[in-house]
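Novice: Chains as they are written, first to last, in the numbering used here: chain A, 21 to 369; chain G, 33 to 351.
Heads up, none of these hints are tricks.
Stretch by stretch, here's where chain G covers chain A in the computed footprint (C-beta under 8 Å, at least three residues):
#1 94-105
#2 113-125
In silico lysine-lysine, DSBU-like type, Cα no more than 30 Å apart, as pairs:
#3 A:LYS197 / A:LYS223
#4 A:LYS223 / A:LYS30
#5 A:LYS93 / G:LYS149
#6 A:LYS30 / G:LYS149
#7 A:LYS223 / A:LYS187
#8 A:LYS127 / A:LYS93
Hint data in this document are derived by calculation from the structure and do not stem from the laboratory. A quick note: this is a predicted structure, and the numbers were derived from the prediction, not measured. In this text, a Cβ means the ideal position worked out from N, Cα and C, and glycines have one as well.
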Amino acid sequence: MASVEVRDVKKRFGAAAIIDGVSIDITDGEFVVLVGPSGCGKSTLLRMIAGLESISGGEIRIAERVVNDVPPKQRDIAMVFQNYALYPHMTVRANMGFSLDLQRAPKAKIEERVDRAAQILGLSHLLDRFPRQLSGGQRQRVAMGRAIVRDPQLFLFDEPLSNLDAKLRVTMRAEIKELHQKLGTTMIYVTHDQIEAMTMADKIVVMREGVVEQIGAPLDLYDTPANQFVAGFIGSPAMNFLEGTITPAGFALGQGIVLPLQTRAAKTGPAVYGVRPEHLRLDPKGVPVEVVVVEPTGAETHVVARIAGQDINCVLRERLAIAPGDRLTVAPDAGIEHLFDAVTGARLN
Amino acid sequence: MSLIMNAQVATKPETPVRRSRWMALSGNRNWQAIWFMLPAVAFLILFLAYPLAYGVWLSFTDTRMGSPGEFIGLGNYIWLMDDPVFIIAVMNTLIFTAGASIFKFVIGFYLAILLNKRLPFKALIRAVVLLPWIVPTALSAIAFWWILDSQFSVISWSLKSIGLIDHNINFLGDRDLARASVIFANVWRGIPFIAITLLAGLQTVPVSLYEAATIDGASSWQMFRRITYPMLTPIIAVVMTFSVLFTFTEFQLIWVLTRGGPANATDLMATLSYQRAILGGQLGEGSAIAVAMIPFLLGAIMISWFGLQRQKWQQGNDQ
Ligand SMILES: Nc1ncnc2c1ncn2[C@@H]1O[C@H](COP(=O)(O)OP(=O)(O)OP(=O)(O)O)[C@@H](O)[C@H]1O
Ligand SMILES: [Mg+2]
Numbered sequence: 021m022a023s024v025e026v027r028d029v030k031k032r033f034g035a036a037a038i039i040d041g042v043s044i045d046i047t048d049g050e051f052v053v054l055v056g057p058s059g060c061g062k063s064t065l066l067r068m069i070a071g072l073e074s075i076s077g078g079e080i081r082i083a084e085r086v087v088n089d090v091p092p093k094q095r096d097i098a099m100v101f102q103n104y105a106l107y108p109h110m111t112v113r114a115n116m117g118f119s120l121d122l123q124r125a126p127k128a129k130i131e132e133r134v135d136r137a138a139q140i141l142g143l144s145h146l147l148d149r150f151p152r153q154l155s156g157g158q159r160q161r162v163a164m165g166r167a168i169v170r171d172p173q174l175f176l177f178d179e180p181l182s183n184l185d186a187k188l189r190v191t192m193r194a195e196i197k198e199l200h201q202k203l204g205t206t207m208i209y210v211t212h213d214q215i216e217a218m219t220m221a222d223k224i225v226v227m228r229e230g231v232v233e234q235i236g237a238p239l240d241l242y243d244t245p246a247n248q249f250v251a252g253f254i255g256s257p258a259m260n261f262l263e264g265t266i267t268p269a270g271f272a273l274g275q276g277i278v279l280p281l282q283t284r285a286a287k288t289g290p291a292v293y294g295v296r297p298e299h300l301r302l303d304p305k306g307v308p309v310e311v312v313v314v315e316p317t318g319a320e321t322h323v324v325a326r327i328a329g330q331d332i333n334c335v336l337r338e339r340l341a342i343a344p345g346d347r348l349t350v351a352p353d354a355g356i357e358h359l360f361d362a363v364t365g366a367r368l369n
Numbered sequence: 033m034s035l036i037m038n039a040q041v042a043t044k045p046e047t048p049v050r051r052s053r054w055m056a057l058s059g060n061r062n063w064q065a066i067w068f069m070l071p072a073v074a075f076l077i078l079f080l081a082y083p084l085a086y087g088v089w090l091s092f093t094d095t096r097m098g099s100p101g102e103f104i105g106l107g108n109y110i111w112l113m114d115d116p117v118f119i120i121a122v123m124n125t126l127i128f129t130a131g132a133s134i135f136k137f138v139i140g141f142y143l144a145i146l147l148n149k150r151l152p153f154k155a156l157i158r159a160v161v162l163l164p165w166i167v168p169t170a171l172s173a174i175a176f177w178w179i180l181d182s183q184f185s186v187i188s189w190s191l192k193s194i195g196l197i198d199h200n201i202n203f204l205g206d207r208d209l210a211r212a213s214v215i216f217a218n219v220w221r222g223i224p225f226i227a228i229t230l231l232a233g234l235q236t237v238p239v240s241l242y243e244a245a246t247i248d249g250a251s252s253w254q255m256f257r258r259i260t261y262p263m264l265t266p267i268i269a270v271v272m273t274f275s276v277l278f279t280f281t282e283f284q285l286i287w288v289l290t291r292g293g294p295a296n297a298t299d300l301m302a303t304l305s306y307q308r309a310i311l312g313g314q315l316g317e318g319s320a321i322a323v324a325m326i327p328f329l330l331g332a333i334m335i336s337w338f339g340l341q342r343q344k345w346q347q348g349n350d351q
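With these hints in hand, go ahead and build the complete structure from the sequences.
Specialist: If you want it as structure tokens, here you go:
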């Protein structure tokens, strides 16, 4: 087990700065998820921690030791790749025992460790198969088994679930989390799926275009996103953003519609008002909206409505007999409004 | 599939019409298939099966140039068993094939690995590597002939100029040097085929396997030994089979360089067969020498076939 410290790390490919000064503190035994849109540099950062990419600037420490110039095999890490990277010409057993075999560990020790890892992951009956005789989920488990056998002080995962179908992904998500609880080892997990991030992480690092947008616990990011990007990225369905102006009377949307504000904004003037679809409810005293689309899902009713010329998604718990063109009055739940700067996107309240 | 079905339905007449035999033959799909294959089959029979069968037949006769021979059973083979020159030719062929194949494999594989690395002017270097393969054998053999000539050899000249030797090396006149020379020429010519094919194989190994192995703590040698090599064995088996077949049947290079000399030191089965059958007119005996190559070639193919069979991991079916 180990803490990881990423200090002002930079990565350049030629002239392009792919990672531009990232700092993250990871404490011993933490499950940290790096999340962000495709191409934001998550994999690059993870590979720098693994030692598969060189570090152009800054410092990475694993267990208090600067590892910038330490080769991967001396970093005591294990990595699970997106495509699993199983050795196709080796059985599951040989795949899992490969690292110990390379170190010329005694056969009995390899056997014991492989068997234990196989037991943890429910792979015991598959040990003599070759990777191509396994299903996607089983391959994924073998890749994790290979990591577990090494008993590293740090696990790295690069989108390990993205090749699985939706249902299996949910199962494996829980399994990885359980594995983390069982082993207690520090884990860094890369994904572009914010649900994975929310459900698994102790701490989420949201990245965009090579910089960190926010670091925090899942619910902190959900409740108080630091900027409009994080607000839009975390949560599903995504947060509604309404453009308007902060006035002393409230948030003016135009067409004479003013949303009351319960929090104090840092400034007045043009801004963006954010509210999550699940934080809107029907309220006779709310603002009038016109229904555009109705999507009943059974548990909830998703309504796309128009308010002062802007579309807004609502997730309502009631079953409603409404049709496009109908008028409703909705109001946000108390105390959960988000205000962002119209230009910089920074949080204003 | 469905297209074929449709066509079948379409050509089947609804009302029974009495058709000519020709109509039946041209309309029936099975017959049509045969018609379409006929040109290719005829080609194969004419240029492959017929010469092969005729060669085998000749090897059981005492045919000479100008005299139709008679069937003499295994006479030619029994005669060859006692022929020291034939035995030498078989030995030469085995040594030549084994020696050249090993060198070609090792150097070709090494070159493939080098070419697979990030190199400046990669495309250019790859093109250059292919050159020995593109140049017609007869042409490169003549070049080698000059390089190895007893009087005009550029190698002898260079070594003399820097004072390492004081007289020309008789590359093609000395038994062992001649053998080494033809093997060298054959290796030079055969390397590109192996290097480029193995390079193609190397490029199919996913980079992530090497990354996983790096993290698993493998050294470069361990990566080669435990990943690259086993992943390439199927392709190596195919490439080396072809290489062995080509080498075993080598003729042009030997013929231009040494004509089998000196004193049969570089005579291979192919050159000996040509000498006996065409130059000596002993068609039956020459054919027997050529036919005697078949078991060796089949053996090489079987070895690679069973070598391939063992690659269980790449076959789809479970257990
Ligand atoms: N070897 C390289 N040379 C040049 N640019 C690269 C290289 N590797 C990655 N990049 C660039 O770096 C950026 C970040 O890549 P990275 O793979 O880290 O993205 P990611 O966040 O993992 O995205 P995804 O979710 O799609 O996997 C991309 O714009 C990519 O084009
Ligand atoms: Mg990635």
